Every structure is written in C-alpha cells, then in structure tokens.
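Colleague: Using the hints, build the complex out of the two chains.
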Amino acid sequence: MEAVLFAITAVLGVAGGIGVIAAREPVHSALGLLLALLSLAVDYLLLDAQFIAVLQVIVYAGAIVVLFVFIIMLLRATGEAPRDRSIVSPGVAGVLGTVLAAALLVAAVTARSPMVPVDPAYGTVQHVGRALFRAYALPFEAASIALVVGMIGAVALGKRAQIVVAAPSRTGTAASAQQPAARSVAAGTAGEPRS
Amino acid sequence: MSVAPPLYLALSAVLFTLGTVGVLVRRSALIVFMSVELMLNAVNLTLVTFARVHGGVDGQVLVFFVLVVAAAEVVIGLAIIVNIFRARDTVDVDDVDLMRG
Numbered sequence: 001m002e003a004v005l006f007a008i009t010a011v012l013g014v015a016g017g018i019g020v021i022a023a024r025e026p027v028h029s030a031l032g033l034l035l036a037l038l039s040l041a042v043d044y045l046l047l048d049a050q051f052i053a054v055l056q057v058i059v060y061a062g063a064i065v066v067l068f069v070f071i072i073m074l075l076r077a078t079g080e081a082p083r084d085r086s087i088v089s090p091g092v093a094g095v096l097g098t099v100l101a102a103a104l105l106v107a108a109v110t111a112r113s114p115m116v117p118v119d120p121a122y123g124t125v126q127h128v129g130r131a132l133f134r135a136y137a138l139p140f141e142a143a144s145i146a147l148v149v150g151m152i153g154a155v156a157l158g159k160r161a162q163i164v165v166a167a168p169s170r171t172g173t174a175a176s177a178q179q180p181a182a183r184s185v186a187a188g189t190a191g192e193p194r195s
Numbered sequence: 196m197s198v199a200p201p202l203y204l205a206l207s208a209v210l211f212t213l214g215t216v217g218v219l220v221r222r223s224a225l226i227v228f229m230s231v232e233l234m235l236n237a238v239n240l241t242l243v244t245f246a247r248v249h250g251g252v253d254g255q256v257l258v259f260f261v262l263v264v265a266a267a268e269v270v271i272g273l274a275i276i277v278n279i280f281r282a283r284d285t286v287d288v289d290d291v292d293l294m295r296g
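Going down the list, the sequences are from chains G and Y.
Counting from 1, position 141 in the first sequence corresponds to residue 141 in my numbering; the numbering is continuous, with no gaps.
Count along the second sequence starting at 1, add 195, and that's the number in my numbering.
The shape of chain Y in the complex, shown without the other chains (with noise of 0.2 angstroms):
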C-alpha cells in the first residue's frame, strides 16, 4: 500500500517551517545555515514527490542541481562563517550587522 502524495507534500511543509522558524529565531550563524539546509531538503521532497506522481525524471534532475549548488554553498557560507569568527570571534548573525565596520 503506497502512501498519498499529500502527506509527503505535508511532511515537506512542515520541515519547510521549521527552518523558516530557525532562521528567524536563531542567532548563531551556523544554526542558520542547518535550517536553510533543512528548508532545501523539505524543497527537494516536494520536487521528488511531484516527480514520482507524474511520472517523470525532471523533478529529480532539478534535485540534482539543488544538491550541487547546496553543497558550493555550504563550501563557501563555512568559509565565510569562519572568516568571520576569526576577524570578531563571533558567529552571532547580530553582532555582525553592519556593512562596514
């Protein structure tokens, strides 16, 4: 018995909140960017999960590219994370809110 396509799509929504949630409360840099991971995550089942109701390989190619770009991003966020934390000694997203300074 295979399961409906809404409950992955409900389960994807709900990973998409939470991440949503982590971003807007969190302050360490680096909980930030696990819960923009998660938010991709719960983006890349609803694109397996349109893929597989309609038969085609699109959507899992488009997940494809989504894994590549996440992980160039990840490559350089963390680069960027522990320049930071090197030049502040800190990774608090509200210590570092000025442009230039």
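The following block holds chain G by itself, in its conformation from the complex (with noise of 0.2 angstroms):
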C-alpha cells in the first residue's frame, strides 16, 4: 500500500518537476511546482512526517506558489522569446544534469542504513514543537527576525518612491536595440503611477 502511494507520489512529483522547467507559460510552471510539492507532502506522511507535511502543504502550495502566482499576474508574464543567445544551452545542461543525477543516485542507492522503528508520537506537531522550543529556541527566535527582515524588506522594495530613482535613464544595449518603441512608452510612463 505504501509502495503503491510512493510510487505514485513519485511519479506525480517527477512530472511536476518536468512540468516547471519545460512549460512555456509561467502559469503552467507554477502549477507543476503545486503538484510536486503536494506530492513531496503525501511524501512526507509516508515518512511519519505529519507537521512537516501540514506546512508543506499551508506555506509551500498555500502561501509560496499563491505568491507566484501573484507575482505572474502581476507581470502580465508570458512564455519567453526565443532567442539564439544563452549563457547554457539544452544540450549542455542535459548532460550536466545527468552526471550530477547519476553521482546523486548513486549515493542514494549506496546509502544503507534501515528505518529505525518509531513510535506512533514521532513527527507530530506536539513531538516537533517540544523540540523546537527547547534545543532549538534561538534558532527559532533566529528565524523570526529573518521573517521580520523579509516583510520590511518587501514593504521597503514595493515602495513608489524607490522604483523612480532605481529606473535607469540609459537601459541595456541589447534590450534596448531589440525593442527601441516599447523601451521609449516604457520609459516615458515610469514616472507615473501604473494601475
């Protein structure tokens, strides 16, 4: 039973992956990612991981790919044009991709160490948080300051103001010689404010 769930967990979760990296549309992408991390969360439960699994499932595919999703919307994002320059090409990435897979595998395949048995109380919330306010409360506090970091960071970054002095009166050449009329329009509204 628990052979058959992993196997389709697995499966589920490979495609997804696939799915974000060879998607045209960010939209698609963003929704494979969704099903590979719920399928990592069913994953989760199998390894008696249940709170690990909960805030996979609240944070990761509630709040994290929402916000991507946001974001996407946001930017009017649409899939890529094609373009003749790249820093890596398919091909070579493929074949960096495969030795960096197969070194992987191999150290997953040699590893063999058999699950200790655990008791029905391991992975719970209440088993977790003992150890997260104990050994681990300055971490814990550590990891508060950085969300508090991240959200002033965030309000700090979407201010107006800021985006006025950051829009560069001389854009890149290459950009800019590709599309001359949308760069102008572009820079011609960046002053005002965009609904």
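Simulated from the structure, these hints should not be mistaken for laboratory data.
Quick caveat: nothing in here was measured; it's all calculated off a predicted structure.
Please note that a few of the clues may not be correct.
Said to hold, decoys possible - Per label pair, the in silico range of CB-to-CB distance: (1) H249/Y <-> I18/G: 49 to 55 angstroms; (2) F133/G <-> G250/Y: 17 to 23 angstroms; (3) A3/G <-> H249/Y: 18 to 24 angstroms; (4) G158/G <-> A199/Y: 27 to 33 angstroms; (5) V95/G <-> A199/Y: 28 to 34 angstroms; (6) H28/G <-> H249/Y: 34 to 40 angstroms; (7) R295/Y <-> G91/G: 31 to 37 angstroms; (8) R295/Y <-> G153/G: 18 to 24 angstroms; (9) G153/G <-> F260/Y: 40 to 46 angstroms; (10) H249/Y <-> V4/G: 45 to 51 angstroms; (11) G250/Y <-> V106/G: 21 to 27 angstroms; (12) I275/Y <-> P120/G: 42 to 48 angstroms; (13) G129/G <-> H249/Y: 18 to 24 angstroms.
Claimed, not checked - Covered stretches of chain G, going by a simulated chain Y footprint (3 or more residues, C-beta under 8 angstroms): (14) 39 to 47; (15) 52 to 59; (16) 147 to 153.
Just so it is clear, CB atoms sit at the ideal spot from N, CA and C, and this is done for glycine as well.
Modeller: And the structure:
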C-alpha cells in the first residue's frame, strides 16, 4: 500500500518538476510546482512527518505558490521569446544534469541504513514543537527575525519612490536595440503611477 | 510494507537535478526562482528521510527552518523581480547582466 502510494507520488512529483522547467507559460510552471510540492507532502506523511507535511501544504502550496501566481498575474508574464543567446545551451545542461543525477543516485542507492522503528507520536506537532521550543529555541527566535527582515525588505522594495530612483536613464544595449518602441514607452511612463 | 529509504533519496536526487537544469536553461527569472524552490524541496525530502531513518526529530526541525528562510527569500526575491520588471520591462535574466547601468 505504502509502496503504491510512493510510486504514485514519485511519478507525479517528477512530472511536476518536469512541468516547472519545460512549460512555456509561467502559470503552467507554477501549477507544475504545486503538483510537485503536494506530492512531496504525501511523501512526508509516508515518512511519519505529519507536522512537516501540514507545513508543506500551508506554507509552500498555500502561500508561496499563490505568491508566484500573483506575481505572474501582476507582471502579465508570458512565455519567453526564442533567443539565440543563452548562457548554457539545453544540450550542455542535459549532460551536466545527467552527470549530477547519476552522482546523486549512486550516493542515494549506496546509503544502506534501514529505518529504525518509531513510536506513533513521532513527527507530530507536539513532538517537533517540543524540540523547537527547547533545544532550538534560539534558532527559532532567529527565524522570526529573518521573517521580520523579509517583511520590512518587501515593503521597502515595493515602495513607489524607490522605483523612480531606480529607473535607469540608459537601458541595456541589447534590450533597447531589440525593442526601441516599447523601451521609450516604458521610460516615458516610469515616473507616473501605473495601475 | 514500508518504502526503502534509498527510493526517497532517489526521488530527491531526480527533483534536485530537475531544479538544477531549470536554473541552467530557463531565462525567465520567475522560472529560475521556481526551480530553486524545487531544489530546496528536494533537499527537504532528504532531510525528512534521514530524520526518519535515524528516528530523530532534528532533521524535521531543520526542514522547518528551511521553510521559514524559503518564505522570506521568496518574498524578497519576488519584490526584486517586480522592481526589475518596472524598471526594465523584462524578467529575462540575460537582459539584466550588468552590475550598473
């Protein structure tokens, strides 16, 4: 039963991962990411990590993917235009990826450690929370500071005044050569609030 | 019947590789970001697997912190991407390759 469930989630997870990197539309990539994250949540349940599985669904699938979709909608991002200039060609990336996957798979398969039996309370909120607030109390507080810094940073970056200062008078040569009309329109409206 | 740990690690390896390839080949900053999230999740799966193998809770606590940092990172990163888009009208990483200008 568990093996069947794992097989299903593995297939769905890999399919989602392929969807992330292969989809032409960013929204489809976000949906692929959602599929992969939910499959991993099921895997966490199979590994007796209920708390982490719930966090995965709430934080990753709930908050982070929604944020991605929101930004995609905000930027009206569409598929990337075909371009001859690229840092790494897909062929080279495929070879590098194969080498990396082979190395990681060899390391994974040679890890010969059987699972120890655990009691039913393993991985519950109570179990993880106790470790979190006792042994890891200081890192926990540091994590809250990281979240506050993230919040302040997002507010500071999202402020309108900063954008006008950051708007460059001279844009990149390659981009301006390709789309001169769009560039001038964007430069003309950069100072005004856009809806 | 439980699943052997190497299978979880193998799934994690495949997902991490997919994320790496995504970072290498895609030029949209949003997709690159999603690929990074995929890599983070692959590492999380490894951590949870080894926590289960050893019966300890430390790996799960580490996953919790990875989640927190990933949330903060996504917020900041997407704000930066929005700023770049407003200034340059593009999220293509190849178009944003100058330190200044």
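Colleague: Which of the stated hints cannot be reconciled with the structure, identified by number in ascending sequence?
Modeller: Failing hints, ascending: 1, 4, 9, 10.
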